[in-house]
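Asks: Chain by chain, the residues run as shown.
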Amino acid sequence: MNKVEFYKETGPREVFCGLTSIVWLHRRMPDAFFLVVGSRTCAHLIQSAAGVMIFAEPRFGTAILEEKDLAGLADAHEELDKVVNDLIARRPEIKTLFLVGSCPSEVIKLDLATVAEKLNKRFLGRVQFLNYSGSGIETTFTQGEDGALKALIPLMESTDEEKLLIVGTIANNVEDRFKKIFKNIGINNVESFPPRQSTDLPKIGTNTKVLFTQPYLSDTLRDLQHRGCEILYAPFPLGIEGSTKWLLAAAEAFKIPDLKVHEVIAPLANRARQAMESHKKILKGKNLFLLPESQLEISLARFLHNECEMNLIEVGTPYLNKELMEEELKLLPENTKIVEGQHVENQLDRVRKSQPDLVVCGMGLANPLEAEGIHTKWSIEMVFSPIHGIDQAADLAGLFSRPLKRNQILTTKTLATHK
Amino acid sequence: MELTLWTYEGPPHVGAMRIASSMKDLHYILHAPQGDTYADLLFTMIERRGKRPPVTYTTFQARDLGGDTAELVKRNISESVERFKPKALLVGESCTAELIQDQPGALAKGMGFDIPIVNLELPAYSKKENWGASETFYQLIRTLLKEAANEKSKINPQRWKELGRRPKVNLLGPTLLGFRCRDDVIEIQRILSEQGIDTNVVSPLNSSPDDIKRLIDADLNICLYLEIAEASCEWLKRNFGMEYTTTIPIGIENTINFINEVHNKLDLPLTNKEELENKSKLPWYSKSVDSNYLTGKRVFIFGDGTHAIAAAKIAKEELGFEVVGLGTYSREMARKVRGIAKDLGLEALITNNYLEVEDAIKKTSPELVLGTQMERHSAKRLGIPCAVISTPMHVQDVPARYSPQMGWEGANVIFDDWVHPLMMGLEEHLIDMFKHDFEFVDGHQSHLGHTAVNSQNHEDKHKTENIETGVNEIIWTDSGKAELTKVPFFVRGKVKTNTEKYALSKGLAEISDETLYDAKAFFS
Chain A
1 MNKVEFYKET
11 GPREVFCGLT
21 SIVWLHRRMP
31 DAFFLVVGSR
41 TCAHLIQSAA
51 GVMIFAEPRF
61 GTAILEEKDL
71 AGLADAHEEL
81 DKVVNDLIAR
91 RPEIKTLFLV
101 GSCPSEVIKL
111 DLATVAEKLN
121 KRFLGRVQFL
131 NYSGSGIETT
141 FTQGEDGALK
151 ALIPLMESTD
161 EEKLLIVGTI
171 ANNVEDRFKK
181 IFKNIGINNV
191 ESFPPRQSTD
201 LPKIGTNTKV
211 LFTQPYLSDT
221 LRDLQHRGCE
231 ILYAPFPLGI
241 EGSTKWLLAA
251 AEAFKIPDLK
261 VHEVIAPLAN
271 RARQAMESHK
281 KILKGKNLFL
291 LPESQLEISL
301 ARFLHNECEM
311 NLIEVGTPYL
321 NKELMEEELK
331 LLPENTKIVE
341 GQHVENQLDR
351 VRKSQPDLVV
361 CGMGLANPLE
371 AEGIHTKWSI
381 EMVFSPIHGI
391 DQAADLAGLF
401 SRPLKRNQIL
411 TTKTLATHK
Chain B
1001 MELTLWTYEG
1011 PPHVGAMRIA
1021 SSMKDLHYIL
1031 HAPQGDTYAD
1041 LLFTMIERRG
1051 KRPPVTYTTF
1061 QARDLGGDTA
1071 ELVKRNISES
1081 VERFKPKALL
1091 VGESCTAELI
1101 QDQPGALAKG
1111 MGFDIPIVNL
1121 ELPAYSKKEN
1131 WGASETFYQL
1141 IRTLLKEAAN
1151 EKSKINPQRW
1161 KELGRRPKVN
1171 LLGPTLLGFR
1181 CRDDVIEIQR
1191 ILSEQGIDTN
1201 VVSPLNSSPD
1211 DIKRLIDADL
1221 NICLYLEIAE
1231 ASCEWLKRNF
1241 GMEYTTTIPI
1251 GIENTINFIN
1261 EVHNKLDLPL
1271 TNKEELENKS
1281 KLPWYSKSVD
1291 SNYLTGKRVF
1301 IFGDGTHAIA
1311 AAKIAKEELG
1321 FEVVGLGTYS
1331 REMARKVRGI
1341 AKDLGLEALI
1351 TNNYLEVEDA
1361 IKKTSPELVL
1371 GTQMERHSAK
1381 RLGIPCAVIS
1391 TPMHVQDVPA
1401 RYSPQMGWEG
1411 ANVIFDDWVH
1421 PLMMGLEEHL
1431 IDMFKHDFEF
1441 VDGHQSHLGH
1451 TAVNSQNHED
1461 KHKTENIETG
1471 VNEIIWTDSG
1481 KAELTKVPFF
1491 VRGKVKTNTE
1501 KYALSKGLAE
1511 ISDETLYDAK
1521 AFFS
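Going line by line, the protein sequences match chains A and B.
Oh and the first sequence: position 210 is 210 in the numbering used here, straight run, nothing missing.
Convert by adding 1000 to the 1-based position in the second sequence; the result is the number in the numbering used here.
Note that these hints are calculated values from the structure, not bench results.
C-beta atoms are modelled at their ideal positions from N, C-alpha and C, and glycine is treated no differently.
Among the clues, some could well be false.
[As the list claims (entries may be wrong)] Dumping the calculated DSBU-like pairs for lysine-lysine here, alpha-carbon to alpha-carbon at most 35 Å:
| id | chain 1 | residue 1 | chain 2 | residue 2 |
| --- | --- | --- | --- | --- |
| 1 | B | K1024 | B | K1146 |
| 2 | B | K1494 | A | K255 |
| 3 | A | K245 | B | K1486 |
| 4 | A | K179 | B | K1146 |
| 5 | B | K1287 | A | K284 |
| 6 | B | K1051 | A | K337 |
| 7 | A | K377 | B | K1146 |
| 8 | B | K1496 | A | K281 |
| 9 | B | K1486 | A | K405 |
| 10 | A | K280 | A | K245 |
| 11 | A | K245 | A | K109 |
| 12 | B | K1024 | A | K280 |
| 13 | B | K1481 | A | K260 |
| 14 | A | K203 | B | K1494 |
[Stated by the list, open to error] Just so you have them, the derived chain A footprint on chain B, three or more residues with Cβ under 8 Å:
| id | segment |
| --- | --- |
| 15 | 1009-1019 |
| 16 | 1054-1062 |
| 17 | 1075-1087 |
| 18 | 1090-1103 |
| 19 | 1119-1127 |
| 20 | 1504-1511 |
The shape of chain A in the complex, shown without the other chains:
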């Protein structure tokens, strides 16, 4: 490993909790429902993060704890039972129901595993119940997906069949592209986890080779390892470089020569490089500061430095799993400053002091920084947009060049912002 500087920071944070990942998980698996057992805050958080308003009855909801639940006047298990019965009656199409733990349910030690077990017996053959925690005292933002996937693993049957399993939620069209490219390379048996239907779980076993699309799945990794799966370590498929190395890692595991991979992706990479040119012109030489949120920060920093020639001032990450990130860290430039955790006030002081050209941050901070004359890209878009793979490299670069380009276009530079 090269000389990357690691720092740890604790203090007040400005990040979402793991419940937020429900927003993309429920779209990936349209036959699943996510029932948070929590407070009004949890309900308000998800509806706010989900784009403020919902357009149809959503496939997520909150069983809101009330005073009588806390005072022990009502049996929490019975109450939850009632809520679940209501829900299943109203949404008979639900095949999987995730009971999602929250900060309050964790603190009062509500045993959702036992509840799920009982419900599984009662609804046997109709609905499967799973539980995991998306609480903010244990998880940050994307880690919620880690919990949900981990909960699904025990339901996956065993197989000796040789296959490639790509793990982590990606956009459906990106998934299709990956499968096609793998096929062209010569890997035909490719499956994804999470699947598009919660009941359509891939089988796994000792001949399953796992390639992660997302960097935030530490617990899932460990459990897949326990099931005998072989983990393929690679940079994550963001940008041309990351995607290429990611594909090469798969090819190597399937004993396919590198040359074959290069042959398949050369035209794709050429076209992507061409498409990236206009974005690169804007991004080149600009200074970048990434605040912690999604755990994608290190991969994004690698892409924006190596392929868009941006300078890295600081790379924040809410949590750093060095095992999973090893291949990424190798690709970072010398002396990259990585800060794990957050003290949001101190970090913003560093932002102001370093006057970066672009800050990647959450929605709570973006407009206030813009008002100070610092350009931002809000990071939640990274988890909602198709950004993975060579074909999306230019789109990914575009997410960062757009705010800078916009600033060049707009004539009004000094704004009396609404402070």
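Starting from the known structure of chain A, fit chain B onto it as the hints suggest.
Replies: Showing chain B alone in chain A's frame:
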């Protein structure tokens, strides 16, 4: 336990944040885990604030729970006081911290700061956002004016005469994330100044703890939003004898009543009474013949208490609608709303469940819905025109233009906002009526390049076009077609045209998925 898919109000600490964020020189220490920071985006994204809410989240984690979370609270308090140098401090907990009982307020008070500290106890498992805002505002006023309450003599609203100055009033209740508060304040101040009445303090919006200490310099309080300011006005009345107005100046009659109430309480003669009815265009627009078709339109109303009550009055008395449903999600205002509904011969709908509201809309089959953004969605699904009259806040409810709900201009805004959706409804109806005419064969036709021929000719022409384009038509392969369907529908047309243009320019005979990506890269 209550199943909630969506909620009109946030938790009570979000209400406290609304007070803190509305004010200057005030800081809020919130004992809460990291996820609660989501609430910042309500202010920075929805309200487009260029400033972070003045809130420090203690950010306790599971591993802290076994240890000393009290130390964590104290560290955050010290750091925040030093960094932000507030003139007063709010200290409270969110839902999770309430369970671990660290009592951050008591901790803060024991730390020896010489600024006022308000210990907020907002029960997260029984109360909601507006209650939290009201309680926070009340506790802040109480803390800052406690000492003055002991010594001060009663405030007579007519004392301005003896003091030899113009009468002075406070406007209480406007906050961030409140419906059109920013503009209501301007409108009401304008109306009052026309009457020779000065504004002493507007609070909480843009005020500071120092301003709150000055509240008692005024002769009268104007309670603009009952949900937020009624408790505070009551306390000021009890402790300082300060009178407050109860008429909410939304709509023509209410605005006139409001002006009368202010004058009566101040004992100030009203000189321009006759002019008042002509200050807004609403009365004339409503009388003009064009508005005849508004008569008896069935309208369903749902929102916060203040706006729902006002809407019912305007709808019935000033626009000539028939109110067929009335409800609110403000439990604290339930009794008032029930009373108004009863007068209208209705049973009020008091609920926090949007599906119950949608169901009630369906059952009453109104021609117009006046509701929140959620009712706008429900109405859209049901094909009913809708105007938004109340929070919860959406980015569209913070318009760039001046658009109050209160006062004369507020009445103008209301006329436009409520009547235009109905006219759109009328247009839809016309389109529906004429849809069998040949101009409409292919749906709504543009006036551009549309040749008015009879439908037979139209069809013939269509056929020849097909044959003509068939000659140099490019073939979409299965993979190409499949890829195209994955493009979001609203840009699919453009992607298709661009790809074909690209294929033509390259002399390609067919378009595969790869061609699509080639074209995408070419045009990007």
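Asks: Now tell me, hint by hint, if it's right for this structure.
Replies: Verification of the supplied hints:
1. B:K1024 / B:K1146: 20 Å, holds
2. B:K1494 / A:K255: 42 Å, violated
3. A:K245 / B:K1486: 27 Å, holds
4. A:K179 / B:K1146: Outside the cut-off at roughly 70 Å; violated.
5. B:K1287 / A:K284: 63 Å, violated
6. B:K1051 / A:K337: Between B:K1051 and A:K337 the Cα gap is close to 27 Å, so the pair holds against 35 Å.
7. A:K377 / B:K1146: Violated, at about 46 Å.
8. B:K1496 / A:K281: Roughly 28 Å separates the two Cα atoms, so the pair holds.
9. B:K1486 / A:K405: Holds, at roughly 28 Å.
10. A:K280 / A:K245: Status holds; Cα separation ~21 Å.
11. A:K245 / A:K109: Since the Cα atoms of A:K245 and A:K109 sit roughly 43 Å apart, the hinted pair is violated (cutoff 35 Å).
12. B:K1024 / A:K280: Between B:K1024 and A:K280 the Cα gap is close to 42 Å, so the pair fails against 35 Å, i.e. violated.
13. B:K1481 / A:K260: Holds. B:K1481 to A:K260 sits at ~27 Å (cutoff 35 Å).
14. A:K203 / B:K1494: The hint is violated at about 40 Å.
15. 1009-1019: holds (count 5)
16. 1054-1062: Holds: 7 residues of the segment 1054-1062 of chain B have a Cβ under 8 Å from chain A.
17. 1075-1087: holds (count 3)
18. 1090-1103: holds (count 5)
19. 1119-1127: With 4 residues close enough to chain A, the hint holds.
20. 1504-1511: violated (count 0)
Checked against the numbered hints above, the structure breaks hints 2, 4, 5, 7, 11, 12, 14, 20 and satisfies the rest.
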